[in-house]
Each structure stands twice: as structure tokens, then as C-alpha cells.
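Novice: Sequences are here, hints too, so could you generate the full structure?
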Amino acid sequence: MRWLFRPAATLLGRLRYAHKFVVVGLVLLLPLGFVARSYVDLQHAQIAASAKERVGVAYMAPLVELTAMAVAARHEVSTGAELGLVDVGAGIARVEDADRRHGADLGVGREWAAARDLLLAADVAVPAATAFQAYNRAVDALLLLIVHVGDRSNLTLDPNLDSYYLMDALQFRLPILLDVTGRAVDRAVLARREQVGASTDVLIDLALANGVLASTRAALHTGISTSVASSRSGELRRLAPAGLQAVDKAVNALEKQLTEAVKQRTLAGLEDDVADPARKATVRFTRLTAAQLDRLLAVRIAGFSRRARTVELVAVAAGLLAIWLFVGFYLSVAGPVRRM
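Residue numbers (this note's numbering): 2 to 341.
Because the hints were derived from the structure by calculation, they are not lab data. Treat the numbers as computed from the prediction; the structure is a model and nothing was measured. There's no promise every hint is true.
For lysine-lysine, the following DSBU-like pairs were computed, each having C-alpha atoms within a straight-line distance of at most 35 Å [stated by the list, open to error]:
1) Lys281 <-> Lys250
2) Lys264 <-> Lys250
3) Lys281 <-> Lys257
4) Lys281 <-> Lys53
5) Lys281 <-> Lys264
Specialist: So, in C-alpha cells, the structure goes:
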């Protein structure tokens, strides 16, 4: 086996003692530095990914609230109530501000402009049936934009159970609840105003809406329960169940009226404002969900930063200690070797 080590012995034999210690030190320290650098780079990559998720939350939260405003405005024109009570312009302004700050990073500026134009067009559309359809198109565009924001901010790839299911609620479940609760009631209200009554088409729409509400509510329950069970956040475990219970109660009341309308084949018992509590509870839960998701991401970023700093400090300390020991060892043997 000597032939295997002869090249190394020949190389080191040609070096002075100081150079030998330098070579051995580099052989030991370079891999340590490489591993430490790779780990720190990984932490910084995860920090960047989580920071982009926070950008997505900052953009998505006002989008979902604007969707709720669009749903409320659609209800105004459907019921023939006094117009202008819903300040859609304030919601648009908040999303505009988010788009100025984050739209370029997410690449959704053009899609937001298209959704905004649809919403502004719906705000001036007449008559009620035309405005109803125009608002539907605007809400559909907002829902699609919410999904795109989640995709382009990496929210849909979130690796942790608690934050993933909060993302799922904010991006998918809550916007659907906002839209379907309002759309079902408005469809029935318009049918009554136009004296169509409980036609087969209207009843089919109400039944489909009821099914969507039931499945969405079940998925929301599963997701939030998983998020609460897997989270270390005491605030999330305390606030999320209460907020979800309020949404559940309001949506359940709407489902009962929709079920009764379909069963009795009449729209007489369906109240015009039965969807309002569901919309308001969903908006409150949306704000709670966005705040908790952002807080979880901030805590995650802090953890990544702390681990990166710890590894950097340990690597530097280990390198300095190794150099100190190598120099001490060299000084301890150099004198006796020279005397020999």
C-alpha cells in the first residue's frame, strides 16, 4: 500500500515544516468553510423565498377585501338598494398601493389593470341584470388574480403545515365563500325582481351554490384544524377557531335558506340580506388569516437568519481555533526539530 501514499510523502517531503502545516490546515479548513458556506446560502435562499411569500400576502389581503367589496356592490344593484354605500374606490386604492410596491416583483400589474377596468365598468353598468353579469366578470377576474399572486409569490409551495393551510384559506377558500354566498342570493333576488320566480334554472343555480358552500366549508374546517394543530403560535390556536366558528355559523344559516328554497321550489323565504353576515364574518376572518400568515412567515425568516448567523459565527470560531492550534503545534515542534 506504500505506493498509494508515496506521492503525498514525496510532496510533503519537499516542503518546509511551516509549509507542511499550512497545507494540512488548508486541507482540513477548506471543507469546513465550504459546508458552512453552503448551509448559510441555503438559509438565505429560504429567507428570500419566505420574504417573497410575505410580499404575496401583502398583495393578496387587499385583493380579497376588494373582492368582498365587489360582492357587496353587486348585491346593491341586485336588490335595488341605495347605491354608493360600498366604497369600491377605497378598495381599489389599497390594491393600487400594493401593486405599486409589489406588482413588478410578482409580475401581475397587467392582470390587475384588467381586473380593475372590469370592476370600474361594472360600477357604472345598468340595468341590474347587466350590472350583475358585469360584477360577476369582475369578481372572476379578481379571483383569478388572487391565484396568480399566490403562485408567483411561492405561497402555494409553502413547506409548513400551519402556514400552508392559512395560505389555502386566504387564496382559495375564503374568496370562494365571499363570491358564492353573494352570487347565490343575488341570483334569487334578481329572479324575484324580474318576476321569473323559482324557475328550474334558478333552483339549479341555488343547489349548485349550496354544494359549493358545503364543500368549501368542509375544506376550510380541515385546513384550519390542521394549521392550528401543527402550529406553535398560541395566538393562532386561540384566534383561528373562534373566527372560523363565526364564518361557519353565518354560512350555515345561508345554506339552510338555500336548501329550503330548493326543496320547496320557492324563493319567498329567501331573505335579501341573508348573505351579509357571511360576507362580514368572512372578511373578518380574512384579515385574521392574513395577519397570522404574515406573522408565521416573519418568525420563520427570523429563525433562518438566526441559524445562518450561528453557523457563520461557529465556522469563524472553529477556523480561528484551528489556526491557533496549528500555529501552537508548529511552534512547539519547530525548535526541537531544528536542534535535532
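Novice: So, for every hint listed, does it hold in this structure?
Specialist: For each hint, the structure was consulted:
Restraint check: the Cα-Cα separation between Lys281 and Lys250 comes to about 12 Å, which is no more than 35 Å; the hinted pair holds. For the hint linking Lys264 to Lys250, the alpha-carbon distance of about 21 Å falls within 35 Å, and the restraint holds. Among the hinted pairs, Lys281 with Lys257 is consistent with the structure: their alpha-carbon atoms are about 18 Å apart, no more than 35 Å. Pair hint Lys281 plus Lys53 holds up; C-alpha atoms about 29 Å apart against a cutoff of 35 Å.
Taken as a hint, the Lys281 and Lys264 pair is honoured in the structure, with Cα atoms around 27 Å apart against an allowance of 35 Å.
Checked against the numbered hints given earlier, the structure satisfies every one of them.
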